[in-house]
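Peer 1: Chain by chain, the residues:
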Amino acid sequence: MSYLRLLQLAAPETIVVIAALGLLSADLLALRGLGRPVRRIICALIACAGCAAAIGWMAVLPEQANVMEGMLVVDPLTRLVKIGLLVLTVFTVLLSVETDFTPHVGDYFALVLFGTVGMMFLVSAEDLLMIFISLELTSLSLYILTAFDKRNAQSTEAALKYFLFGSVAAAFTLFGVSLLYGIAGSTNLGEIARAAASHALRVAVGEDGTVRRLIDPLLAGAIVMTVIGFGFKVAAVPFHLWAPDAYQGAPIPSAALIASGSKVAGFFIFAKVMTTGFAGLEGSGAWQAARPGWVPLLAVLAAASIVLGNLVALVQCSVRRLLAYSAIAHAGYMLLGVMSGAGPGLAPLLYYALTYSLSAIGAFGVVSIVQQRAGADRLEDFAGLSRRAPALSFCMLIFMLSLAGIPPLAGFFGKFYLFSAALGAGGPHLGLLWLVSLAIVMSAVSLYYYLQVLKQIYIAQAPAAPGPNPAPVAEWTLVVLAGGVVALGCAPGLLTESLAAALRAAGV
Amino acid sequence: MLLLTGLAAIAGVLFSWNLKHRAKEFFAFYLVLIGGVYGVFLSFDLFLLLVFYELAIIPKYFLIAIWGSTRKEYGAMKLALYSFGGSALVFIGLLAAYVTAGAKTMSLLELARYPFAQGFQLWAFPLTFVGFGILAGLWPFHTWAPTGHVAAPTAASMLLAGVVMKLGAYGCLRVAMTLFPRGLDEWGFAVLGLTSWRGLLSLLAVIGIVYGATVALVQRNLKFVIGYSSVSHMGFVLLGLLTLNPAGLNGAVLQMFSHGLIAGLLFAVAGRMVYDRTHTLELAQLQGMQLGRLLPFAAVTFVIGSVASMGLPGFSGFVAELQVLLGAWRAFPVRGALAGLGILVGVAYSLRALQMAFFSEPRPAMAGSGAPADLAPISVPERIGALVLIGASLLIGLWPQLLLHLIAPSFASPLFGELLKGAGR
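Same order as they appear, the protein sequences are chains A and B. Numbers given in the working numbering equal positions in the first sequence, counted from 1, plus 122. Numbers given in the working numbering equal positions in the second sequence, counted from 1, plus 14.
Please keep in mind that the hints were generated in silico from the structure rather than gathered at the bench. Treat the hints with care, as some may be off.
A partial selection of chain B residues facing chain A, derived with a Cβ cut-off under 7 Å [claimed, not checked]:
| hint | residue |
| --- | --- |
| 1 | 72 |
| 2 | 99 |
| 3 | 106 |
| 4 | 296 |
| 5 | 413 |
| 6 | 417 |
| 7 | 418 |
C-beta: ideal position from N, C-alpha, C; glycine also.
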């Protein structure tokens, strides 16, 4: 394989890297003398142009290749997820244009793009080494992005927590990878699955003649380590402790990126590692009929995330912390998609992750505008927003209701799709019914805290006089996001059909 | 049911004619609510039904929380959470049915044809029935109803009592009972003398009737009286549904219609005609005001409404409750008798409210704090709205065949075949 061909396959990532380097040098060489708003606008334009070019490249030149046994897999599915990631990045960039928290404008936008490149490689990887490297590229960018607001002690604290937890999780992942390499002699996911199926499963015959399949302790250890690493990445309980601080302390566009793009990429690769790398070791999470494997493990994580996330969110008074706990709860719902397996579960999982990300970015955007005006993000700061900024409030209404899963918004269809897949995955016996019921009941609980935010916006009396809107670009971005949430909710086929087609083409 | 929704909605608009505070938003939410309700009644696809059912929750919250009165935020949140909780139960049941049947469609007709296993139906039925029943004010999940009704603005409480509670009953009949007819069968064992969900739920319905009526008897607030009376009347609907015989079912549907009209009327009088003019609904304060003389039209309307609600012959309530009682008598005699007792108490609380609110003599001690003299006269839109509702109720009362002709054939459809067969067992 020639290098030119390799470059061609990795062109989207290359374009984004070039855009990042370009805006870094432009900021360094040409923009020093200009005011910060102008620099932000120019850098954002370069970043958006880079993302758009990468999207265009993938849309125009559909490739299909598998470079070096899973180091870089290019197929319709990864292409679709990458396009989704780039769109989310564009929205993040647009929201950053009007937030003034740092003099290092070029560095900031370049890091956003580097983080995105990491996610894109992550999505394309089917090899544990490559997965680990891109995971680290993403995480390191996100740590720095979290710490970017240097005047704010909270931002630094959040970044430090995120970094410490993250590096411990990375160590776990690496340990898991080394165990897997020891078992399989390869870091390719497919090889690992084959080796695990042939060597590490022992068949034990009980005294009464029943045959039970046991998982080798070494392999079980590897599975647990891997789950810990990814569980941290997607903020599942009990590896969630960094999330509330990071969401609250980080500059808002960084938090939006952590909540959206990084979630989508994290869940995609989580599902891929579990369903491809540990195929055949699913076990069963059915109530009173559990069999060992990774599904019952994830079931416990999901149940804990759903319960803890929703219940703790009830008592939050900072909207960003509230969103963080709601993100933990949503991570629990999405774990249901991972458990449903690659065939039935991947399309609902991606639909849910993408639409959730749209709502989450949107909600953070509204918080950002409110925070610029009021100086904080407590619930009281939202009081009477509908009188001051009707369009903004209506967008927030849509995002919150979509997160709560109210029809006809995207969140409702996402939940329906995800839960029916999870229920169907257990076969005709509805094995995961207990978990799905828990998720549905807890999503009813979640309506309370989403309504708390909306109550402040629509019902509480406004204490302050209306001021001019400080962020027109962000507001238009939010309107587009809200439109997207409504459109995907009313016509889910827009996304599900292309997902289904991509899955078929990818042979899942 | 569409007819009912239309009637109640139009009357609701007429009764909020002079709304001034954020009027555009009010009617926007109002129309979304009505759209959701229409959607539920028109959907034969369970997915769409669920969509519209949940769609109707959010506008209710905002209608009450922004334009309501007494403890509006509490009432609104309680209502929203109860409704969403109920729909969550329904969601679980329907999802399970969808996945079990393995169908590629959620059409009710398709799913109803699938023979669900007996054991499955035995847990899925109570889940969906109770889920919908929460919205229909099934005891002991009724507590959202009085607080919600009291807090809501007039048009919203008319819709709530008149139509939204019917959504629940409609869902019980159309979804829970047609999809899982075998869920009503015997458990095969007895707990406290109850041997099936049918027995348990009908007992709850009767408790709802009697409890609602007796609690209404001691309320101090006019709207609370009407709110609890709604719980009582909806108990009749649920009881009628569970009798599983034609008389009971017809009666239940008729009662849904009739209660929609009457409750709407009563809430209109209390909320719009009385509260907007006197700014109180406390019976003790109303006692001093001699409203019977000051607002004759309101008084007459309320008398008609109460009489209809007591179930006096000539009004729709009579025909409906009679049919339900007939059906109940055949199915479970003791509970039928208890429900009849509920009607008696109903007469008592209606008369008490009527007497205290409109026709009491001013007590000497309260003479000083008597009514303000400048009560605005009843306006034309209010009169029209009231007359529409009264007219419809009278029409059904005097000529029930009009509706029964529509209702009876629909029970002959194959959807209900399994259900009625089940009653014979």
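Peer 1: Return the numbers of the hints above that this structure violates; sort them in rising order.
Peer 2: As far as the earlier hints go, 4, 5, 6, 7 are violated by this structure, in ascending order.
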